[in-house]
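Produce the complete structure using the sequences and hints provided.
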Amino acid sequence: MYAPSTRPPTATPTAPPTAPPTAPPASATGPKQGPATVTVHTSPQVADAWGRMRRRVDVVRSRTGRVATVAGTGAAAAVVATPGTLPIALVSTAVVTVAGAGILRLQMPHAGHQKATATALYAMPGVSLGVLLICERLAAGAAWGGTVPMQVLAVAVWAAGTWLLRPAQVARRMATPPPPAASAVEAAQTVYAHPAARWWAERVATQGGAAPDTALEGIERIGETAMTAIIAATTPGQPVPEISIRRLSALLDIPEDQITIGPVRGRGAGVRRLTIGAPAGKDADPATMWAKQIAPLAMPGAVLTGVRVGRPAATDSHSAAPTGPHDHQEEHEDEHEDEHEDGDRDGEDA
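In my numbering, the protein residues as written are 11 to 360.
Hints are computed from structural coordinates only; laboratory data are not their basis.
Quick reminder that beta carbons are idealized off the backbone N, C-alpha and C, glycines included.
Label-pair ranges, simulated between beta-carbon atoms: (1) D223 x T285: 17 to 23 Å; (2) Q117 x D223: 36 to 42 Å; (3) I229 x M309: 35 to 41 Å; (4) V69 x T235: 49 to 55 Å; (5) M309 x E227: 39 to 45 Å; (6) L314 x P265: 26 to 32 Å; (7) C145 x R76: 23 to 29 Å.
Structure (structure tokens):
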């Protein structure tokens with residue numbers, strides 16, 4: 011049997027209230043985001059200058075590769091003629107190959123396996139040339155004869171293969187794509203004098219469009235919703251092709267009866283006149299013309315309520331002015347008849 015405890019109850023210490031746990035930042039739980047992309051907008055002049063510089067650098071690289079091929083062929087021929095020049099030829103080949111491959115790899119910092127492929131392609135001419143030089147030196151010290159023609163043939167095969175295949179140029183193309191041609195840059199930077207001309211070039215004058223190989227010139231507004239322009243063939247000496255008004259109507263979303271294409275007065279078939287809509291003042295509503303053009307200047311506040319179309323009615327002969335001797339005679343006869351009638355009425359009254 012247990013006796014009840016006489017010790018006073020002790021208070022159980024409680025932990026201090028703690029703040030609710032905060033959620034980790036989204037970057038800690040979510041997928042890692044890549045580096046931010048910065049878009050740099052350049053002017054057409056800067057882009058054109060950059061393109062010209064890239065084309066010049068590409069030409070210099072191409073010519074440098076040709077010079078290196080000729081130099082390698084000369085070194086191989088020198089080893090055939092003088093085997094003692096092998097060390098100098100090997101060192102020169104190694105220096106040029108390693109320097110070129112190193113510069114190429116610096117241009118491809120994040121290329122991965124593509125970098126390795128480009129490096130192998132770039133080093134292929136130098137490595138093969140080094141192997142050829144060593145083989146030439148070994149063949150020169152061989153006991154059998156007739157090795158010189160074989161060495162010359164090997165040098166010719168290496169030179170022809172490197173000149174035609176150009177593996178180093180292929181490697182450079184993998185590192186930096188070739189710049190666009192000058193003609194393509196000029197075509198991309200064509201500046202149009204009117205937005206309608208740009209729209210025509212992009213939507214209508216394309217291959218397969220309603221009017222291929224044409225351009226819109228001489229654009230002129232002739233009304234609130236009307237315009238006229240000249241359709242010109244871009245190829246000199248060629249006529250403007252047959253243009254489907256239905257296709258133009260579908261592109262412009264304008265009724266077909268408001269689109270006309272016809273010849274230009276005094277010009278040949280290389281140009282055509284395009285008219286869209288009705289000119290201002292043609293088939294206009296008289297009430298609208300009165301309200302917009304006549305009433306504000308001549309009669310402010312006046313409203314045209316009706317219009318009579320046709321020739322005016324004939325006037326009465328009594329109100330018309332006499333125009334000749336015959337008319338005067340008829341007028342006098344009518345006056346005499348009126349006087350006689352008045353005298354007869356007076357006599358009857360008497």
